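Please build the complex by placing chain V on the supplied structure of chain C, with the hints as guidance.
In the order they appear, the protein sequences are chains C and V. Under our numbering, the first residue of the first sequence carries the number 1, and numbering increases by one thereafter. Under our numbering, the first residue of the second sequence carries the number 103, and numbering increases by one thereafter.
Read the hints as simulated data drawn from the structure, not as lab findings. Among these hints, one or two may not hold up.
[Stated by the list, open to error] Here are the computed lysine-lysine pairs in the DSSO-like style, where the Cα-Cα straight-line distance is at most 27 angstroms:
(1) 79(C) / 355(V)
(2) 461(V) / 99(C)
(3) 73(C) / 461(V)
(4) 401(V) / 551(V)
(5) 549(V) / 406(V)
(6) 623(V) / 156(V)
(7) 77(C) / 167(V)
(8) 79(C) / 461(V)
(9) 167(V) / 401(V)
(10) 461(V) / 77(C)
(11) 79(C) / 551(V)
(12) 123(V) / 156(V)
(13) 73(C) / 355(V)
(14) 355(V) / 77(C)
(15) 77(C) / 175(V)
[Stated by the list, open to error] Derived coverage of chain V by chain C (criterion: at least 3 residues anywhere in the stretch with Cβ under 8 angstroms from a Cβ of chain C; other residues may be distant):
(16) 357-367
(17) 419-432
(18) 571-584
Remember, predicted model here, so these are calculated numbers, not experimental data. Backbone N, C-alpha and C fix where the C-beta goes; we use that ideal spot for every residue, glycine too.
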Amino acid sequence: MSLQHITPELFEKLVGLAALELTEEERAYLFEEMNHQLASVESLRQIQIPEGTTPSLYGLHPEGISPRADEWKAFTKPKQIVALAPESEDGMIAVPDVKGAK
Amino acid sequence: MSLTSLSAFEVARKVKAGELKAVDVAEAALAQIRAVDGLPGSLDGGAVSADEEKKVHAFIQVTEKMALEQAEKVDQAVARGEDAGLLAGVPISIKDIFCVEGTTTTAASRMLSNFRPPYTATPVRRLIDQGALILGKVNLDEFTFGSSNESSAYQPATNNPWNTDHVPGGSSGGSAASVAAEEVALSLGTDTGGSIRQPAAFCGVVGLKPTYGRVSRLGLIAFSSSLDCPGPLSRNTRDAALMLQAMAGVDPKDSTSSTRAVDDYLSTLGQDVKGLRIGLSPDYDAVYYPNFETGELHKEAIQKEVHETLYRSAELLAKAGAEIVENVPMPNTAYGIPAYFVISRVEAASNLHRFDGVKYGYRTESAVSNLSELYRLTRAEGFGPQVKLRILMGMYLSAAGHDADYYTHAQKVRALIRQDFVRAFEPDGDHRLDALLTPTTATTSFKRKAVFGNSLLMQYSDQMTVSSNHAGVPALTIPAGLDEAGLPIGIQLIGNDFREDLILRIGHAFEQVSRDEAWRKVRPQVLAGEVKA
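Bound conformation, chain C alone:
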């Protein structure tokens, strides 16, 4: 059996896509642990999946309720929602400029 490995280059790409920044210590630890976990994942290849097996999203499929009508309902405490934001202006959630201009 040949194992897939996460390369240092791929690892760095994933860090960027995940919007993370890592210390050197974290980088070394996470890189090694990911490859160890991948070794476990690779054991799944040993299983012969019978033809026609349908992927199971839930195990037991939920006998859930039907989606409600797509009708707008106001949340009763909007000020509490805005108050949770680290920064707000005039009742709106504020963020830094997307491109970097102040």
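Below, chain V alone, put in the same frame as chain C:
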């Protein structure tokens, strides 16, 4: 018997009968927390004194005012002759992964250290509506990502009340420890791969993972949405049944909650187990670890005392009239953890994208020049290593081009795991089981720092529990003995879809048939030698 030793069932009965004031119950629970819990978990908690090392540290936040106000309402309802609810005056802790209005809901992460949710999770709301007293929020692995509680950003992490040098398990470690240390009678936990059952087994208490969809997930901060199940931790099966009764049922705000009618778990609890078919499987008698180089699985025996306790428990159930069915094949059990590595990481990465320092939670205090930098610094500072590991792994496994190899493949393995259970429980099948009896964990609780950091070994401590999450079926752990070091051993009963009534009934029968065993007289270290009023 002291107030804090009373079962939830007894507390509610006495409060409703006017024999006991809910306020007195709350005061007793608060006194017990002060006596055994020590410093609450806090960010940058750091090292603690030798004395504090012997404390439980289950709580991040004690909600004294809330509990006393709820107790007064219960007492007033009783005085007016009203029904004060199934859980009248019962002290409960809540894993700090559930939104509770009026509390900070941290997920044991710096990322949510300032989060004050504007609503209360459905299971918590239902407990309160039935007269429960919320004593506080208890510690967990950060965002539930772990099996020892050590990954919490809130330190000191919880210790095992049976031996405070050992971990309580996780991720619902604070829940299990708070129940074992008699700080509360019940706790609300969550189970994604074993996070109720593993800590319950490590701490010598009862833990129930209900059928997926039996209890609403609204207000639970999601880890892996197709696996997460809220459920009770208690000191006996009757209390677990009582708590499930209060929480179960459809929720219009959770489309995955089941519309199926809720059974009366309490009325069937006392029925005997004569003729019930309980299975034992050789596939739960070993742990399968991967070789890092080849990915191939190799087999290791479970702890000898755990194996012996399982078979002794089966004999006791046989004496009670159950029929033991040996050699039930569950051939895909070994693949539960590998499939979990894929499914849970992909779903976790997706759920964690929402934490970005914009709408709520932590935001970096560093000066940033644009939104992208804000995201990166916030997430770098707000998340601990285990969270970052799950995000990165989930992104890798779900990347374009990998889906068929990993996520879809793991979902097919999940289907095979479910088929193992379908075959075992099939009414016209070879085995026709009412329940499968297994160890809850391969070993008893390990020492602090013994496993932490090794994400693979830590995850494999859930090997006995994770398959029922994949399959969606209910599973119950109950204490069944102690090992040579005096640490609790749990056994697990796995049932068919929505047959919580049956596994609770079998668990209750086991409690009756084992009630005079010597190990039941042994108390956790933090309670031994105590003098109570």
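Results of checking the hints against the structure:
1. For a cut-off of 27 angstroms, the pair hint linking residue 79(C) to residue 355(V) stands: about 22 angstroms separates their Cα positions.
2. Our distance criterion of 27 angstroms between C-alpha atoms is met by residue 461(V) and residue 99(C), whose separation comes to about 19 angstroms.
3. About 20 angstroms separates the Cα atoms of residue 73(C) and residue 461(V), which keeps this hinted pair within 27 angstroms; it holds.
4. Of the supplied pair hints, the one linking residue 401(V) and residue 551(V) holds, its CA atoms being roughly 24 angstroms apart against a limit of 27 angstroms.
5. The hinted pair formed by residue 549(V) and residue 406(V) meets the criterion: a straight-line CA distance of about 18 angstroms does not exceed 27 angstroms.
6. For a cut-off of 27 angstroms, the pair hint linking residue 623(V) to residue 156(V) stands: about 22 angstroms separates their Cα positions.
7. Note on residue 77(C) and residue 167(V): the hinted pairing holds, with a Cα-Cα distance of about 23 angstroms set against a maximum of 27 angstroms.
8. For the suggested pair residue 79(C) and residue 461(V), the alpha carbons sit about 13 angstroms apart, so the restraint of at most 27 angstroms is met.
9. Straight-line distance between C-alpha atoms of residue 167(V) and residue 401(V) comes to about 52 angstroms, which puts the hinted pair past the 27 angstroms bound.
10. Straight-line distance between C-alpha atoms of residue 461(V) and residue 77(C) comes to about 15 angstroms, which keeps the hinted pair within the 27 angstroms bound.
11. Among the hinted pairs, residue 79(C) with residue 551(V) is inconsistent with the structure: their alpha-carbon atoms are about 44 angstroms apart, more than 27 angstroms.
12. A C-alpha spacing of about 32 angstroms is found between residue 123(V) and residue 156(V), which places the hinted pair above 27 angstroms, so the restraint is violated.
13. Note on residue 73(C) and residue 355(V): the hinted pairing holds, with a Cα-Cα distance of about 13 angstroms set against a maximum of 27 angstroms.
14. Restraint check for residue 355(V) and residue 77(C): the C-alpha separation of about 17 angstroms stays at or below 27 angstroms, so the hint holds.
15. Proposed proximity of residue 77(C) and residue 175(V) is supported: the alpha carbons are some 25 angstroms apart, at most 27 angstroms.
16. Coverage of the stretch 357-367 of chain V by chain C holds [criterion: at least 3 residues with CB-CB distance below 8 angstroms; count 6].
17. Counting residues of the stretch 419-432 of chain V whose CB lies closer than 8 angstroms to any CB of chain C gives 0, so the stated coverage by that chain is violated, three being the minimum.
18. With 5 residues carrying a beta carbon less than 8 angstroms from a beta carbon of chain C, the stretch 571-584 of chain V meets the three-residue requirement, and the given coverage holds.
Figure legend: structure checked against the earlier numbered hints; hints not met, in rising order: 9, 11, 12 and 17.
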